[in-house]
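2 protein chains.
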Amino acid sequence: MAQNVTPPRGMRDFLPAEKARREHALGVIRGVYAAHGFDEIETPVMEDSSRLHAGLGGDNEKLAFAVMKRGLTPDDLASAAASGDALALADLGLRYDLTVPLARFYATHRAALPPVFRSIQIAPVWRAERPQKGRYRQFVQCDIDVIGDATPLAELELLTATVATLDALGLAGCTIRINDRRILQGILASWGVPDDLRERALITIDKLDKIGVGGVANELAELGAVTADADVATALEGLTSADWHLADGVVPPPAWLDGAAYADLLALRDAMPEAAIEFDPTLVRGMGYYTGTIFEIAHPELGYSLGGGGRYDHMIGRFLGQEVPACGFSIGFERIVDLLEVRDDARPRAVVLVHDGNVPAERLLAIKAELVASGSRVRLERRVKNLRALLDRVTADGFDAFATVNAEANGAASLEFRELTA
Amino acid sequence: MAQNVTPPRGMRDFLPAEKARREHALGVIRGVYAAHGFDEIETPVMEDSSRLHAGLGGDNEKLAFAVMKRGLTPDDLASAAASGDALALADLGLRYDLTVPLARFYATHRAALPPVFRSIQIAPVWRAERPQKGRYRQFVQCDIDVIGDATPLAELELLTATVATLDALGLAGCTIRINDRRILQGILASWGVPDDLRERALITIDKLDKIGVGGVANELAELGAVTADADVATALEGLTSADWHLADGVVPPPAWLDGAAYADLLALRDAMPEAAIEFDPTLVRGMGYYTGTIFEIAHPELGYSLGGGGRYDHMIGRFLGQEVPACGFSIGFERIVDLLEVRDDARPRAVVLVHDGNVPAERLLAIKAELVASGSRVRLERRVKNLRALLDRVTADGFDAFATVNAEANGAASLEFRELTA
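Residue numbers (my numbering), protein chains in the order written: chain A, 1 to 422; chain B, 1 to 422.
Possibly wrong hints are sitting among the right ones.
One copy or any two copies: either way a pair holds, since identical chains are not told apart in the list.
Stated by the list, open to error - Cut-off 30 Å, straight-line C-alpha distance, at most; resulting in silico cross-link-like pairs (DSS-like, lysine-lysine):
| id | residue 1 | residue 2 |
| --- | --- | --- |
| 1 | Lys19 | Lys210 |
| 2 | Lys210 | Lys62 |
| 3 | Lys62 | Lys133 |
| 4 | Lys210 | Lys385 |
| 5 | Lys69 | Lys385 |
| 6 | Lys69 | Lys133 |
| 7 | Lys385 | Lys62 |
| 8 | Lys385 | Lys207 |
| 9 | Lys207 | Lys19 |
| 10 | Lys133 | Lys385 |
| 11 | Lys19 | Lys69 |
| 12 | Lys69 | Lys210 |
| 13 | Lys210 | Lys133 |
| 14 | Lys133 | Lys207 |
| 15 | Lys207 | Lys62 |
Treat the hints as calculated values from the structure; they're not laboratory data.
Just chain A, with the same shape it has in the complex (with noise of 0.2 Å):
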């Protein structure tokens, strides 16, 4: 009996078509982020149940899926039951993100890697969310990071690999905006705001571009992070339009602009001359583990970012019981590859043999083995009755040419050949 046979909420299959897009965009994003001297690794998906919910992901620990225990008994049911508590019977997750594995990879692996760790993590993540237009349930994120580099040259690693990586897949003139978590922290001091406010401050700012400069101000009052509204709605006004003349000697620095943060953003500016660097000290990006430089990397064309980062210099110590610098990139995979387009010369020739039944298998065999040898892809189709919509069809599916063969005919080298034209 036909059932319902859709995937699961919020989760998706991938056609033919849709699978290569995404096989291409990662091989090119593969290849260009190994050249930088970044190496790949995996972790299993589940992680323990434990670590997935020690407060290193934020909000997204909410939303991750929970793997029962086997072999639950009546009893642990009963005392589940008493307790309210399903989150008993999880001892696995699925990772909602791939920096929480990485922490504990690099926990567990440390002596074998080198003393300065540049790490690739393509992988599928998983969140319980609401499923919504371009949000899923199951998407891969696309990490980069550097571990054991306390200096710049991290951030300009990161930097310059994810824009050539960019640059590869057809997305050139992004722009970068940067930021540095000290800076965000002089800002709320210059306004008073209380350290244990300072969080839900930085969450508030986060909003900006979805609520403006007074729904941040308004909403900031309301936190109670500062006494009066008006004035730090004209301060953010002013902060949305800052650039690099900020301290540039001409005008005084302003006060809440931290000195040495502000030197180091101007030497990455500095280092990457033909980049479009520009510093917004409202930016924020999310997650509460960051510690120093953050930035975001955006297209001109498109009204979202397509990727960010930062440094997080705390958090690898959480599994490792060390201090241990760290700093990251993540590029929006499902995003780029919606924008990609993949060019012609980037496959093989694909050709299609349609046949009747009665030619020998070990003929058709023989013909297709000799197109493969010599770098084709092939298709076997059987012939119907009409041939157009036959042929229509493999054009829609890429194919380039194709050949008749009959029963009768001589052998592949007088196969004749017709393109196919999309």
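Using the hints, position chain B against chain A.
Chain B alone, transformed into the frame defined by chain A:
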């Protein structure tokens, strides 16, 4: 504080060298299968729990990892405790094979696929097995399937593509053992095995490698499948040494031999004259869903199978509500990747730039960019006192050459590279 940081039980992290080897193997496999006309697809790692437990997964169903419903209430927990049914708390599960998802995928997307659909699936599956050497709870399966072709051309395309893939991986010279479930049914009928015991009798015969002719004969007798064990042992002895002479016209074919099935096998053999194809009437293959041809591929120098598959004409119909012929072949990715030698010429030249901390970052990046542009993979390494140890380490990581960048030295052109030899 340092924590337990191992991956979950029975699951593995892949460090850079191993990950590179796996990606290399995947690239080869994808390339050859695609050339042979197969199309890669992808499905979510989770399927609906009811679908995973619909009786199509055999013993693997019991090994499925269950994913808990989100937002379980104390009432839900109490109700599961009352019934003792833990699975009532799960709505999803991790797939334990790629065949159940393929059947579901085909039912969902049939209208968008060609009449004969040749799929590639290369993806992880999960089974909560007792971990042991060479057996993991997360491992990659690598399946090709031909859906919609009832003719032996399906088997032939699977076998030729698989042989070509193993050749390309450096595993030339494999032997294919084939059989047909109809022939096994003939053998069981000749022994008088009642219909309701046939599935269990096949499971017993499948243990021939492990428990031998005597063991199988005893177990069949214990099952009550055969009345005396002596004749069966003799018959099995004869079957294990059977080959293509069974119906060559010189001797009369045995009464149990299904003539139509045997003719199909002969046709397969004759259509692949260059392959080593052996007839083995005792070959069973585990899964209950096989209906016709079954095959297994092995390398003469290895004591284990490298893959196998067969025809399963009634399974796709379970989700579609309509019969569709299908045939598949799965190669043992985890075994194959262990055998693989990655040739040096398969990867780009890898160079290390050793620098001291006072080389300006923009200078280092410019040299790196130039080397990357010329096709090299480049890693920066900060100079340490013991340069020999550093060079030994990067040599072990597979790097080919190094150069030292000093703060005083001239531009990139003057860099002197020295080869590293392992």
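These are the hints, each one checked on the structure:
no., hint, verdict
1, Lys19 to Lys210, "neither (33 Å within a copy, 41 Å between copies)"
2, Lys210 to Lys62, "within (23 Å within a copy, 48 Å between copies)"
3, Lys62 to Lys133, "within (21 Å within a copy, 35 Å between copies)"
4, Lys210 to Lys385, "neither (57 Å within a copy, 52 Å between copies)"
5, Lys69 to Lys385, "neither (56 Å within a copy, 50 Å between copies)"
6, Lys69 to Lys133, "between (33 Å within a copy, 23 Å between copies)"
7, Lys385 to Lys62, "neither (56 Å within a copy, 47 Å between copies)"
8, Lys385 to Lys207, "neither (60 Å within a copy, 49 Å between copies)"
9, Lys207 to Lys19, "neither (34 Å within a copy, 39 Å between copies)"
10, Lys133 to Lys385, "neither (41 Å within a copy, 55 Å between copies)"
11, Lys19 to Lys69, "between (33 Å within a copy, 29 Å between copies)"
12, Lys69 to Lys210, "neither (41 Å within a copy, 32 Å between copies)"
13, Lys210 to Lys133, "within (18 Å within a copy, 53 Å between copies)"
14, Lys133 to Lys207, "within (20 Å within a copy, 51 Å between copies)"
15, Lys207 to Lys62, "within (21 Å within a copy, 47 Å between copies)"
Violation of the numbered hints given earlier is confined to hints 1, 4, 5, 7, 8, 9, 10, 12; the remaining hints are satisfied by the structure.
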